[in-house]
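**Student:** The listed protein sequences correspond, in order, to chains A and B. Counting with numbering that gives the first Met the number 0, you get residues 0 to 306 for the letters of the first sequence. Counting with numbering that gives the first Met the number 0, you get residues 0 to 345 for the letters of the second sequence.
Please note that a few of the clues may not be correct.
[Claimed, not checked] Result set (BS3-like, lysine-lysine): computed pairs, CA atoms no more than 30 Å apart in a straight line:
1. B:K206 to A:K296
2. B:K183 to B:K2
3. B:K183 to A:K296
Don't read these hints as lab results, they were simulated from the structure. As the structure is a prediction and not an experimental result, all values here were calculated from the model.
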Amino acid sequence: MRHAGPEALFYEEDKQMDATTAMYVAQGIHGLAYGMVLFLVASGLTLIFGMMGILNVAHTAFFMLAAYFCYQIVAWTGNFWLALLVAPIATAVVGVLVERFLLRRIHALGLLFELTLTIGVMFGIMEGVKVFWGTENLPLAVPALLEGLVNIGGMEYPIYRLFIIGLSLVVLGFLAFILYKTRLGMVVRAAVADADMVNALGINVPRLFMFVFGVGTWLAGMAGVTIAPILTVFPGLADQMGMDAFIVVIVGGFGSLGGALLVALISGLLSSYGVQFVSQLAPVLMFIFMAIVLAIKPTGLFGEREG
Amino acid sequence: MKKRVKGIVWGVILVVLLLYPWLFGIYFTNVFVTFAIFALFAVSYNLLLGYTGLFSFGHAMFFGAGGYATALALTHIKGCPLLVALLFGFLGAVALALLLSPIVARLAHSAFAMLHLAFSMLLYTLALKLRGITGGEDGIGGFPIPPFHIPGVVSVDMTDPLNFYYFAMAVLGGSLWIAWFLTKTPFGQIIVSVRDNAKRVDYLGFKVPHTKAIIYALSCGFAGIAGSIYAMFQDLISASALGIAQSFAPIVMTMVGGVIAFSGPIWGAGIFALIEELTTRYTERVQLVEGLILIIVILFFPGGFVHLLAVVKGKWLEFMRGKGSGLITGTWFGKKSRKKTTEGNA
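Make a model of the complete structure from these sequences and hints.
**Tutor:** Structure representation (structure tokens):
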């Protein structure tokens, strides 16, 4: 396939076709990898929202916190794999503590207070990491096993990005299995639909909330750890991702995992190809997409209720 | 008797405001102007949140729109009078609000909040990218501040901080009074009903989306005035005035001051001005302190500083029966009504 684009001019004449195709594929991989990480963040957000009705503003602060945990664990032990395992769990523990000791106490007051409380938690975490780790960029090396490029079908792919896509798919599969094939998942889905009724059936809904909040922050933590070697660890890490994750959740429909997946991938591809073709407008594309979707369908693409 | 006490209190406040620059010096005068700007900004936000039950993540875009409109008017229109520049700020914000209202007035709750986040980020990005108009990261600065001029009567130089203080106080105080008066009119009652039970308001024959659109435009207009004064005060407006941090400021101030009272956001703005003044001397992490205070306030005094005042005065019971009752029974921002059976008679 021959793609004619302005960037084709930059490549050698005889290699033009290959180079252009390779560029498309490379951008596609970048987009998919970013989209999958975005999905990890957004899935936690949408799970928490769907179940508890809380727009967790602090979610991306947890995402960033996990990256810092990862940096710290690598600094102590030098083992990225250990960090991949431990950092998200540590983040989830923080999340569970926030739910148990802060959010649950004011649940009766309603969403406004829970939401603003998460704003406070976000300020706390965002500024807290600066106190502990400072404000500079902390580099984190890609583990030796995943460095470099791999050659598949005559094309070079960066291994680490493929690893991100693979890992996200594993997490996604795991999540889907829990949600759709186990009793626990059934209860969670029922609570997303109607928490009061599930409570009436004798299930400990507050404990379920705590569990879901923990899983949600764990997902954010996974995303934070996987993205840390690419973007390095710095206090502004949460900003870009946070905005994108919120947009994904809204456009996909609150509480809809499938919607989040679809929109996360669209968002990732839109941003990577957007930078390629309309670099001036790239940051705006997603907002325009969101405004159009919401103006037509206020509940998002797959949402059934308004948040 | 009570009326007389109130009159005396207001008189004292007025005298203190008049003498303030002489009592505290020029530095604290500027601190006070910043506080007053944010007080109006937070009050305009509370017209949406506390009174109409609309939670927005992007109120800064109207603040910024007002600021940019004023800055652009002063830069490009030769000899633009002071009040016309202020009017530009107000109208700029209102125009933006009217542009958005067909979309947002139909929404509520999270969709409303998030759509504002999206639009404000859109404007923020545009303000950074459209260098030719907005000056990019540097923003627009160094525009001339015209004197307050009434032909043949008076002409006051506004570059003097003292004169600007009185001008800003008059505009901001006047706007606050108008906003307060608005909440006491029948229209002010309707917007509260929209918050508590939009369906019932609809049955009573009021048009809910129109009502929302009107209060939305007014609230944004007040935010625009705050932004306009801010731009003139700093002689600079940059994209950070549109940013997400600027949108969080009125939310946090309103919650800490008290979402259930008109005076709440003013208290909140005052508390945060005080915190910033005190903590910046010891630490760079002002937001950490602010976040912790927000958490503590919401956990223990969900009604904010106004709630705390009621507790201190020992009028807790009356508070919870009066204004504070909204905390438990009000249908705030997507909260499911706890009393489904009595909703019909409520």
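**Student:** So which of the earlier hints does this model not fit?
**Tutor:** As far as the earlier hints go, only 3 is violated by this structure.
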